[in-house]
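Protein chains: 2
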Amino acid sequence: MSTTPRTRLSPEQRREQLLDLGVRLLAHRSLDELSIDLLAEEAGISRGLLYHYFGSKQAFHEAVVRHAADDLIAQTTPPTDGDPMERLLMSVTAYVDYVIANHEGYVSLVKAAAGGNESLRAIYDDARSALNSRIFREDVDGEIIPDTPATRLVVRGWSAMTEELVLAWIDDPGGVSRERLLAIVAGSLRAVVGIIPPG
Amino acid sequence: MSTTPRTRLSPEQRREQLLDLGVRLLAHRSLDELSIDLLAEEAGISRGLLYHYFGSKQAFHEAVVRHAADDLIAQTTPPTDGDPMERLLMSVTAYVDYVIANHEGYVSLVKAAAGGNESLRAIYDDARSALNSRIFREDVDGEIIPDTPATRLVVRGWSAMTEELVLAWIDDPGGVSRERLLAIVAGSLRAVVGIIPPG
Numbered sequence: 001m002s003t004t005p006r007t008r009l010s011p012e013q014r015r016e017q018l019l020d021l022g023v024r025l026l027a028h029r030s031l032d033e034l035s036i037d038l039l040a041e042e043a044g045i046s047r048g049l050l051y052h053y054f055g056s057k058q059a060f061h062e063a064v065v066r067h068a069a070d071d072l073i074a075q076t077t078p079p080t081d082g083d084p085m086e087r088l089l090m091s092v093t094a095y096v097d098y099v100i101a102n103h104e105g106y107v108s109l110v111k112a113a114a115g116g117n118e119s120l121r122a123i124y125d126d127a128r129s130a131l132n133s134r135i136f137r138e139d140v141d142g143e144i145i146p147d148t149p150a151t152r153l154v155v156r157g158w159s160a161m162t163e164e165l166v167l168a169w170i171d172d173p174g175g176v177s178r179e180r181l182l183a184i185v186a187g188s189l190r191a192v193v194g195i196i197p198p199g
Numbered sequence: 001m002s003t004t005p006r007t008r009l010s011p012e013q014r015r016e017q018l019l020d021l022g023v024r025l026l027a028h029r030s031l032d033e034l035s036i037d038l039l040a041e042e043a044g045i046s047r048g049l050l051y052h053y054f055g056s057k058q059a060f061h062e063a064v065v066r067h068a069a070d071d072l073i074a075q076t077t078p079p080t081d082g083d084p085m086e087r088l089l090m091s092v093t094a095y096v097d098y099v100i101a102n103h104e105g106y107v108s109l110v111k112a113a114a115g116g117n118e119s120l121r122a123i124y125d126d127a128r129s130a131l132n133s134r135i136f137r138e139d140v141d142g143e144i145i146p147d148t149p150a151t152r153l154v155v156r157g158w159s160a161m162t163e164e165l166v167l168a169w170i171d172d173p174g175g176v177s178r179e180r181l182l183a184i185v186a187g188s189l190r191a192v193v194g195i196i197p198p199g
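Read top to bottom, the protein sequences are chains S and Y.
Take 1 as the starting number for the first sequence in UniProt numbering and just add one per residue.
Take 1 as the starting number for the second sequence in UniProt numbering and just add one per residue.
So here's chain S without its partners, still in its complex pose:
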């Protein structure tokens, strides 16, 4: 029960609010389960109004997934100080916690993107690519990783490994603690970069 006075929202603010709700609903649901009907019910507004905001179910899913991707990128922003490895660990920790908290929706996005939904794939690829490039931007002096074609390739591979590690760990931790998982994810980047033979 909010005690702040209700203010009239602009259509843009209202749309943002609906997207926030969509992202929250997606945390514990697959994309297939996230219907316009459900959002209408949860938001207490009509389906017609939602179609007015989003146009179609596909467009609504794209908007929610883009919003979720923006959230992921924002939440995994490393702190501005600390040494590069510490900052990488903070960022990786935020990524792992995001996937844990939004497991259902995340898995369904990976599925949709991998399975050939081209617009969701583009959003997924853009987010992945933003996360990967950030490593080079955050580590301009190359303390963790110098910027070369081989290390760019390795970061892509590491990023796929990270996703697989987290999803496999959620399915079956097998006694591996979250801290150990985080140490593996953060430490493996430098470990793999370290074995690249000179080109």
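Every clue listed holds true.
Cross-link-like lysine to aspartate or glutamate pairs, in silico, DMTMM-like; alpha carbons within 20 Å at most:
1) Y:LYS57 with Y:GLU33
2) S:LYS111 with Y:GLU163
3) S:LYS111 with Y:ASP32
By construction, these hints were calculated from the structure, which means they are not laboratory data.
Small disclaimer: the values here were computed from a predicted structure and weren't measured.
Once you've looked at the hints, dock chain Y against the given chain S.
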């Protein structure tokens, strides 16, 4: 032009021959492009006979993909002698060359499996799991990697990294040679295992 005399094949041999042809056709085609019509044309037999052998397009695709997975597992069998790292490198080399030679079909299988085709996903997961477990079976003394829940997790991650590295490298090698790619793939397993903190 074969000079061996034609012999009558058993239905089982004929089916195997058709599957071999299907796997060859899949190398440079996606699953969607691999139709019963195409196979009939290439094999010079009727569509009706193919339906007799395989039942449906979906069953035909499953049989071809299972055959391709068996090929992959057979082709990547490490040699029986040599030290564990050498044998791993040979096996990884065979995997990378398989993906290069069968790129189109491989990518379409990954897509189909990830995108929610449950029976193709099961075949893909079984093959992946056979390749991953083999590492522990081939390295019984734990020279590369001891068998623990954490290393089992790391092998799954490494396997996803390997697939991503190879597919990304095929799309854009960026001047990285096949030899360097192979060294990264083979060396990264031990590197990542090396940074797992004690549990």
